[in-house]
Amino acid sequence: MTTSIGRFALASALALSLTAANAQTSPAPKPLLTMVEQKLAEGPTGSRFGLLVTTLDGEVLVSIAPDQRFIPASNTKMFTTAIAYAELPLLQRNAKGTGVRLETGADGVVNVVLHGRGDALLSSADDCKTDCLQTLADAVAAKTRHVRHIFGDDSWFPDERWSPGMSWNNIQSRYGTGVSALTLDDNELVVKLTPGALGAAPSVRAPSYYEIDNEVMTVPGKAEDIVADRMPNRMTLRLTGTIGVEAGPMTLRYGIDDPALYAAWRFGELLRARGVQVDGDLGARHRLLAAADDPANRKGAPATLPVEPAMLAELPAPSLAENMVRINKESQNLHTELMLRRVSRQTGSGSIADGQAVMHRVMTQAGLPETGYFFADGSGMSSYNRITPRAAVGLLSWIARQPWGMAWRETLPIAGRDGTLQNRFKGTILEGKLFAKTGSLNASRAVSGYLTTRSGRTLIFSALANDMPDGTDAQATAAVDRALVAIAEAL
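Going by the working numbering, the sequence shown opens with residue 10, and the numbers climb by one from there.
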């Protein structure tokens, strides 16, 4: 919940007309700059820091490497959700939920086709209340008691399950699960482990979608050290390592490479549970990425999209604004990628390239130079992404002037209170008074947003850290936090 101080701060921001591109570049008072530099110097040797702090009217208070380019990690999500908010009326008006239809085969037996429309919230959980795959299974079961094949169709977007620059080893994890217009249960496979007797393997409960090779051993104590290994596009998940006999049950989550196929498999389970005979195969229907999915190749022509047939049943479209709270508070990668593709499908084909075109258009409106940012994805998992502190502050300044600026700011984690900032800044002057998006990826740490100082001034800031030696990321984060606290206390 946003504090009254935070609401007043943002209300003030919305009333001002600030562009960071035109912000004054006068240096910070030397004592303040020296103090901040000393705090950052406490970080790991070899780390590279960038920091820009401005007032709401554009006065630069602290400036350290403001135009250097950094890997932003999940600070990328600020940019993606900003363009989504800018396009939100059109997005929500055109939003559709998941659909299902029947098609009759040559033998007269029907096939089932699930059609995904980029819905990030589709669920098949036993306790599902809204946006439930069970609703579509009920519709099919009411129409027929015998189906042949089941297909998952995710051709609403072209087949770009992973973005350029994402580390391949992330694919097996929940953070790098495949992106698909047909998304179910966050495209995660849930595995539950319970310690066994000493020297024995733990028990495993999981859907039968993957074959699980359980080589984990139960050992004394409470600690756990479990390593998962699954090569891309393989169906065997190998678990090794140890789990303490006193550790208690564990829940692990792993990525799914072909979400459309997984959705078809799960739909088959639900149909059988409703007494529907399923005696065919499972399949996925993808739309391969083509040259026409890049707006540069269309030369201004609109994208040509496939025409969908009528559906037997459709789920309502979920609220995209509500989903952006989860994206920024939790830093949810998959949902951000789906949001980027939803944005890009309004004027393009749903491709990453079309998303980049929308990003460029909106950032140009915001006054950001092209040299200040580059994104190969929407979530920040790509190591190709780059931003400057000045671009981040420019974005935050522009957002504060938009009619949706208050709503967007409330999607950010609050220091010491919730989201990815829940355990940071506790007991400091910034607890409950800093609202920011965090980022963490491969020797990269970022935090950018708004903060309120001791005197009640609201500042805009971006702090980026790259190139930390292995194992020292936490030290770099702590150094940045101390610097921000020092700024808030001094001003």
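Some hints here could point you the wrong way.
[As the list claims (entries may be wrong)] 20 Å max Cα-Cα, derived EDC-like pairs, lysine to aspartate or glutamate: (1) Lys201 - Asp234; (2) Lys138 - Glu317; (3) Lys152 - Glu323.
[As the list claims (entries may be wrong)] Simulated DEER-style distance windows between Cβ atoms: (4) Gln77 - Glu317: 27 to 35 Å; (5) Met226 - Gly376: 52 to 60 Å; (6) Arg102 - Pro378: 26 to 34 Å.
Bear in mind the hints are in silico, worked out from the structure with no lab data behind them. Note that the structure is a prediction, hence the values are computed from the model and not measured. C-beta: ideal position from N, C-alpha, C; glycine also.
Evaluation of the provided hints:
no.	hint	verdict
1	Lys201 - Asp234	holds (15 Å)
2	Lys138 - Glu317	violated (27 Å)
3	Lys152 - Glu323	holds (14 Å)
4	Gln77 - Glu317: 27 to 35 Å	violated (46 Å)
5	Met226 - Gly376: 52 to 60 Å	holds (58 Å)
6	Arg102 - Pro378: 26 to 34 Å	holds (32 Å)
Checked against the numbered hints listed earlier, the structure breaks hints 2, 4; every other hint is satisfied.
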